[in-house]
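So the protein lines, in turn, are chains A and B. Okay, so the first sequence: first residue is 132 according to this note's numbering, each after it adds one. Okay, so the second sequence: first residue is 132 according to this note's numbering, each after it adds one.
No lab work stands behind these hints: they were computed from the structure. One or more of the hints may lead you astray.
One copy or two, it doesn't matter: identical chains are merged, so the pair holds either way.
As a list, the in silico DMTMM-like pairs of lysine to aspartate or glutamate whose alpha-carbon atoms are at most 25 Å apart [said to hold, decoys possible]:
1) 350 to 168
2) 306 to 168
3) 335 to 362
4) 169 to 304
5) 169 to 357
6) 413 to 266
7) 526 to 257
8) 335 to 372
9) 350 to 340
10) 306 to 482
11) 413 to 257
12) 296 to 480
There are 2 protein chains.
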Amino acid sequence: MTSSTPSSSLPPAYALNGAQSDPNILGWMQGHPPPMDKRIQQSDGSFFTFPKTRWAFSHTREIVPTSNISKGIGAASTLPTTLRDDLDAASCTVLGSDKRMTWGEAFDANYTDGVVVLHKGIIIYERYAGALTPERQHWAFSVTKSFVGTLGAMRVFDGSLDPTKLIPHYIPELKGSAFGSATVRQVMDMTTNLQYLENYADPKAEIWEHSRAGGLLPKPIDYTGEPSFYDYLPRVKLGNEYAGQHGQGFRYKTVNTDVLGWILRRIASEGRSERLGEQLSKHIWSRLGCEQEAYITVDSAGTEFAGGGLHTSLRDLARFGEMMRQGGFYNNQQIVPEAVITGICQGADKEHFASAGYNLLPGWSYQSMWWITHNEHDAYMARGIHGQAIYVDPKAEMVIARYGSHPLAANVHLDPTSLPAYHALAKHLIENP
Amino acid sequence: MTSSTPSSSLPPAYALNGAQSDPNILGWMQGHPPPMDKRIQQSDGSFFTFPKTRWAFSHTREIVPTSNISKGIGAASTLPTTLRDDLDAASCTVLGSDKRMTWGEAFDANYTDGVVVLHKGIIIYERYAGALTPERQHWAFSVTKSFVGTLGAMRVFDGSLDPTKLIPHYIPELKGSAFGSATVRQVMDMTTNLQYLENYADPKAEIWEHSRAGGLLPKPIDYTGEPSFYDYLPRVKLGNEYAGQHGQGFRYKTVNTDVLGWILRRIASEGRSERLGEQLSKHIWSRLGCEQEAYITVDSAGTEFAGGGLHTSLRDLARFGEMMRQGGFYNNQQIVPEAVITGICQGADKEHFASAGYNLLPGWSYQSMWWITHNEHDAYMARGIHGQAIYVDPKAEMVIARYGSHPLAANVHLDPTSLPAYHALAKHLIENP
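Please work from the sequences and hints to get the whole structure.
Have a look at this one:
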């Protein structure tokens, strides 16, 4: 799902702040059984509304069908911990304001469910709130895309995926759709031109049709839409910008990642089904030495939601970020080729990105489903709605993994208090190693 | 769910035998996406019909909501393996017939998805078919009950559960139901007298209402039944045998285990929700050194299906059986007090059991949700519909863990070819150590 929208509106006053919306205080799903008005279910779609989300994002698989991403049977890789108490006081200026905010204050202000900070591979900060615990998997939303994009870049690197080919070369079913004239690279960098609105604040936006097709939202009794992701994707039409041409500008649309996921499934087949979750397990999860299985939502055809269905523990998310920071070498093995990560970090066309109008992300670009800041530290991010993030700062040797359940989907609502905080923390660590 | 029904009817000729119904051959859920007629979904309830079950029982969490049972973050306990090739030829006489069948032949004849045999703690036989793999969790059905019964017996042993108390002492909500006049012990040994038919061959049997309330089967559009297990249980009425008295005879009814699960949740609360899955993880799963998480189906109120929702890998199921065989000591620790297991193995009233009319199980009894054979080897079992089983043979130092997807639910259909095979294997191992 979307990670940021080109809106400059500031968030409204929220009914409940971070501490007040703590799901343990509100009593969601507590009791034997929980009282009717404290139950969170898929059937009415309310699990996707704040403040129920503060419980639901840490319990998705108890609400909808999911598939395991195995970590294998070995012990977890060591994640050394030396907590520091100087981070909470580190402060930054809120974007678009002259207000100062400390790292500690930002935790509740951003409805954080958990945050882990690694410095030189050591956990220096780890904090949880609400429904999230170290053992529990949280919804990563579009952070999923950076996993899938990395897998895609690995396939380009090993030659099994040609980024110059048109999509129908791999997925003939998409010939009649907008993807029929797009290249693999355009899909990977989201420079496709699609008639597909990704605005969670608009109930008529196509992202909601897509979510219903994928089974995340309940299908109404009179539902006449598509039954699954791969029934939906062939219906996506060309957008009307740039005379219907692809490759002219960055436009963030979740369906691109689902198309990339489809391609990855198909090219990996070798005569049998190799699902995306199996690939994520084989190439990444089982090699990182994760503590927990990951899981991913599936639609009624068993198709994983490549655009935003991944759930991981926070500590495992941090492991993935640390593997990226270390050039792909982690847990005593090369997991992602270093050249793949170097390529991602170089980013893509900044003018393409600028055309999307993200005022809070000046000079950024988007490459293989990663957000590249091009800042003075060469930081890059994986981003998901409601505040999911991996922030890798190579210069500061810092990785931040963060899960949250902000009341509003678009990251534009928490970028002002999170992006400067990440950078301030990085500078603090450089100055106070 | 039921493990055996008192029917003596022999199975009909099946449309497809074990090899023909292999889900890989039938192509269920294969392809990107699978063709419409190869999809298995919850919405039409067909995932519960043979031969789709041969895929579905190994993929339940991709179809319905489930909850994790954590194994913790340590490495798996060692499960030494020295495979023997002499077991397949071991043969037995089929119950109620003079036909001979070998262990190897019984595998397909019983629609086995996987079987592991431990002898003195060493895997001497391990075989999988169809959709099941060593890493994958399979539906244990009523084998779940033996886990919950063991937890219950542990609580009786430590004094936190009084088996002589009436059920409303712990669950006041059940005061007006048949359970209002039953003791905890009667529930644990299933000598309650309930108006509740557990016959999967009868579409009007109460077991199906129970399954719909629990969300395993889709609720029809015009559904007017109970929304969850704990809404359903208070409606269970007294049966009309024994002048409405409990404690007069063994009657196998899944709802008893759901009541025990409810009690376990409530007495463990200590001011907060401690769900059954958390208890199973804390007291059993995390201590066995399991290879995989287990998982359990949940209803719309987040209540785990204590009567039959557990899913485990086959190797982990074998670990649990081996822990029982070793008097509760496994993975370098006492997991279940030895006295608890001794108590279970003593069994219960054989006359109570005989009154239920299981012609294929003469002289057996049922204690704390375990099936006690009282045979010459003092073997005992956990049993689930469609052929799920743990068979512990103390004298032969043998444990069999078995998962299957037999076309018919009731174990009466595979007892004739499995029970004598288990005993023959035990005798073979004693004669050929």
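Q.
So, against the hints stated earlier in the document, which numbers end up violated here?
A. Checked against the structure, the only hint that fails is number 10, while the rest are satisfied.
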